[in-house]
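> Okay, here's what each chain looks like letter by letter:
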Amino acid sequence: MQPITLKGRKIVEGHCKAEALVSTKPISFLGGVDPADGKIIERDHDLYGACIKDKVLCFPHGHGSTVGSYVLYSLAKKNCAPKAIINQTADPVVVVGAIIANIPMIDQIEIKKITTGDIAEVDAHKGIIKIWKEKGAKQACI
Amino acid sequence: MHLTKEEERIYDGEFCWANQVCMKILVRLGELFKAKKLIPISSSHVSGVSYKTLGDAPTEFLEALAKANAKVKVKSTLNPQSLDCNFLCKRLPSDLYEKQMNVLNCFEKMGFTSSLTCTPYYLEKPKKDVHLAWAESSAVVYANSVLGAWTNREGGPSALAAAIIGKTPDYGMHQAENRQPKVLVKLEKPLLDDVEFGALGIFLGKILKDEIPIIQGLEKASKDNLKQLGAALATAGMTNMFYHKLPRIKTEKIEKISVQTSDLKRTIEKLTTTSTKTPDLIFVGCPHCSLNEIRQIAKLIGSRKIRKETEFWVCTSRHIKEKAIKHVKKIERNGGHVLTDTCAVVTWTEKLGIKTIMTNSAKTAHYVPTLNKAQTILAPLKECIKKACEG
Chain A
6 MQPITLKGRK IVEGHCKAEA LVSTKPISFL GGVDPADGKI IERDHDLYGA CIKDKVLCFP
66 HGHGSTVGSY VLYSLAKKNC APKAIINQTA DPVVVVGAII ANIPMIDQIE IKKITTGDIA
126 EVDAHKGIIK IWKEKGAKQA CI
Chain B
-15 MHLTKEEERI YDGEFCWANQ VCMKILVRLG ELFKAKKLIP ISSSHVSGVS YKTLGDAPTE
45 FLEALAKANA KVKVKSTLNP QSLDCNFLCK RLPSDLYEKQ MNVLNCFEKM GFTSSLTCTP
105 YYLEKPKKDV HLAWAESSAV VYANSVLGAW TNREGGPSAL AAAIIGKTPD YGMHQAENRQ
165 PKVLVKLEKP LLDDVEFGAL GIFLGKILKD EIPIIQGLEK ASKDNLKQLG AALATAGMTN
225 MFYHKLPRIK TEKIEKISVQ TSDLKRTIEK LTTTSTKTPD LIFVGCPHCS LNEIRQIAKL
285 IGSRKIRKET EFWVCTSRHI KEKAIKHVKK IERNGGHVLT DTCAVVTWTE KLGIKTIMTN
345 SAKTAHYVPT LNKAQTILAP LKECIKKACE G
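Quick note, the sequences are listed as chains A and B, same order.
Counting from 6, one number per residue, gives the positions in the first sequence under our numbering.
Counting from -15, one number per residue, gives the positions in the second sequence under our numbering.
Looking at chain A on its own, in the form it has when it is part of the complex (with noise of 0.2 Å):
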């Protein structure tokens, strides 16, 4: 199966390939993660309950607290972290997480054509990721 390519901007370099895991809702990661294991913990949110490890985390922007990015930090540490991060428009506490956290990071994607599910391959030096839409993988981790 040919794989969808999507171009944005690079933030953070880096290469993986991972399950996707999708949000039309912002995220913050103050409050909105669960530090220890990764776990989506705001209520009301589309991925409430999905965890967030070694995924290629895809989500409109960040929002709320500026502690998100010793968040994004911790995780890493604790090997809780995204595998990498996509975003439609970055914001400045979500890329200095990704920067000293070192997660390959690229915004200015329109991540509407990714679905929860599908592999994703992150190439962040070049800012492009690759889709492969995958059938029955849905919500894995949920």
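Keep in mind the hints are simulated off the structure, nothing from the lab.
Don't take each hint at face value.
Taking lysine-lysine and the DSS-like style, the derived pairs with C-alpha atoms no more than 25 Å apart in a straight line are [said to hold, decoys possible]: (1) A:15 <-> B:193; (2) A:30 <-> B:357; (3) B:249 <-> A:30; (4) B:20 <-> A:15; (5) B:261 <-> A:44; (6) A:82 <-> B:8; (7) A:44 <-> B:193; (8) B:112 <-> A:30; (9) A:131 <-> B:8; (10) A:58 <-> B:357; (11) B:51 <-> A:82.
With chain A's structure known, arrange chain B on it following the hints.
Just chain B, lined up with the frame of chain A:
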């Protein structure tokens, strides 16, 4: 991005490791957001001071910077920590106190002022049009919107990096063209109380993303109410600024949004998560109280006593507590607790057996279910105090 010779030397590691790490954070941010240069800042304010929200790994990052002799270049203040040294530290396990003091020592070693407040502008008001590197999203919105200073919403580590370097990349809110309003917000009815200001912030934050609104009908709003609005706006979105007075621009062509009273009512109802009417804790002071708010609280309590069944916390900075000492004494005589250096959200209320928190802050109501594992009741200040005194 253009770097001066000295900046390049820092970037290349000719000075200490800490300076190099900080410079790299700033340069990467700057390049990403197309800054042409670094600009000097008047002050920095960092978030990520509470050990509860930081945890161990970021603490190690701070320890490494402090050990490598990082020193602040400009006036740099700190957000609240996870406990105070008079009231909460006696009720929480001593190892948490020690871990918090370790975090604080790292910051003090780097030359930070132990302001321990989310309202650094009450300690020293930034001048209009100065450039700042502030984290603490509520203070960012207040600085841009009410004080007329210029700051991006820094992440905790980038505000820290800016403090050590004394500069910030020149992008975003530091450039006049990015401070232009994009949306005109009309209110169906004037806002009634503090909770409606907060609810408007949450409602707008969710729909605006990062667009700057002009909000009509706020000409007579108090600074305390604008503080509530800004804190909630930053909680729910990426917006760093709002206009509360009509700027001198043509508004015919910009997008218009009208906010109905029912939108605010729904937002307030959603932020209350329980039907119980008996909170374990009533908390005001998110963001930290101003002198005027403490005066108002003392006045509202009047001669009544706080009921023994509930705790009543008023959180503020040491600076304001000292200035408001007459009112503080009255609140404390009547059974309330005026805490400094911390707040309910960044301490371990669950370890004190607190399961329901009543507050007048929409920001607190948003965070309490996850950060405090408690239910929330959002109600105006007057109702919070009535509940504290009369049940």
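> Each hint: holds or not?
To see whether the hints hold, each was checked on the structure:
1. A:15 <-> B:193: holds (22 Å)
2. A:30 <-> B:357: holds (22 Å)
3. B:249 <-> A:30: Cα-Cα ~22 Å, so holds.
4. B:20 <-> A:15: Distance of about 18 Å is within 25 Å: holds.
5. B:261 <-> A:44: violated (31 Å)
6. A:82 <-> B:8: holds (20 Å)
7. A:44 <-> B:193: holds (24 Å)
8. B:112 <-> A:30: violated (35 Å)
9. A:131 <-> B:8: Cα-Cα ~20 Å, so holds.
10. A:58 <-> B:357: OK: residue 58 (chain A) and residue 357 (chain B) at ~22 Å, within 25 Å.
11. B:51 <-> A:82: Holds, at roughly 20 Å.
Violated hints for the displayed structure, listed by number in ascending order: 5, 8.
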